[in-house]
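Asker: Here is what each chain is made of, one letter per residue.
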Amino acid sequence: SQKIEQNSEALNIQEGKTATLTCNYTNYSPAYLQWYRQDPGRGPVFLLLIRENEKEKRKERLKVTFDTTLKQSLFHITASQPADSATYLCALLMDSSYKLIFGSGTRLLVRP
Amino acid sequence: DAGVIQSPRHEVTEMGQEVTLRCKPISGHDYLFWYRQTMMRGLELLIYFNNNVPIDDSGMPEDRFSAKMPNASFSTLKIQPSEPRDSAVYFCASSWSGEPDTQYFGPGTRLTVL
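Just so you know, the sequences run in chain order A and B. Per this note's numbering, the first sequence starts with residue 14, numbered consecutively. Per this note's numbering, the second sequence starts with residue 1002, numbered consecutively.
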């Protein structure tokens, strides 16, 4: 079965730096990959989607890359701010269904 | 738009009791998803509906769990009887077939079974 790995250790960075989070998956490539943000006590919020035939997608300070050879997606937040502190989840859609498989998430802490 | 609405936000019950979680999807959305989130297993899809019809319930852990969607604006997830290992945060999410890639999550129901 498909497995998704995200770094379980929290990422602690200084304000203004670029945060880079990693999502690795096993087995076959998904149709697309999504990134969500989750704050404590709240539901995940959709951020970005990248399809298997796309290499990179950007939205404001966010950038996602997708390498189907490495079976990896990188999520970047440039000019990070303390307000970016949250847990970030990656999710894969494997086929034409709408069934998402989520990673366990990586907690990001941006120090002022 | 009010977003996805879930109730109750918190539920504490004793083992063996029936628990019913409720969800109101975003108006106009035709997909509804129920997820469970725990520290050990992360966020798992339990079941999803399209136009009120269950499409995939392979994530439902066992027969104690059941879900219904009697109409486009309401769904329930029922656990009967509840067990301590059911303690988790249960999320409902909805999406629209015109933008199926984006799921909108509710605030979740934190369930504690004693």
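Keep in mind that the hints are not guaranteed to be accurate.
[What the hints assert, rightly or not] In silico lysine-lysine, DSS-like type, Cα no more than 30 Å apart, as pairs:
| id | chain 1 | residue 1 | chain 2 | residue 2 |
| --- | --- | --- | --- | --- |
| 1 | A | Lys72 | A | Lys84 |
| 2 | A | Lys84 | B | Lys1025 |
| 3 | B | Lys1079 | A | Lys112 |
| 4 | A | Lys16 | A | Lys70 |
| 5 | B | Lys1069 | A | Lys112 |
| 6 | B | Lys1069 | B | Lys1025 |
| 7 | A | Lys30 | A | Lys112 |
| 8 | A | Lys30 | A | Lys72 |
| 9 | A | Lys16 | A | Lys84 |
| 10 | B | Lys1069 | A | Lys76 |
| 11 | A | Lys112 | A | Lys68 |
| 12 | B | Lys1025 | B | Lys1079 |
I should point out that these hints are in silico values taken from the structure, not numbers from a laboratory. Everything numeric in this text was worked out from a predicted model, so none of it was measured.
Asker: Work down the list of hints and note, for each, if the structure agrees.
Answerer: Okay, the hints, checked on the actual structure:
no., hint, result
1, Lys72(A) / Lys84(A), "holds, 22 Å"
2, Lys84(A) / Lys1025(B), "violated, 36 Å"
3, Lys1079(B) / Lys112(A), "holds, 21 Å"
4, Lys16(A) / Lys70(A), "holds, 23 Å"
5, Lys1069(B) / Lys112(A), "holds, 18 Å"
6, Lys1069(B) / Lys1025(B), "holds, 12 Å"
7, Lys30(A) / Lys112(A), "violated, 34 Å"
8, Lys30(A) / Lys72(A), "holds, 17 Å"
9, Lys16(A) / Lys84(A), "holds, 11 Å"
10, Lys1069(B) / Lys76(A), "violated, 38 Å"
11, Lys112(A) / Lys68(A), "holds, 23 Å"
12, Lys1025(B) / Lys1079(B), "holds, 15 Å"
Hint check: violations occur at hints 2, 7, 10; the rest are consistent with the structure.
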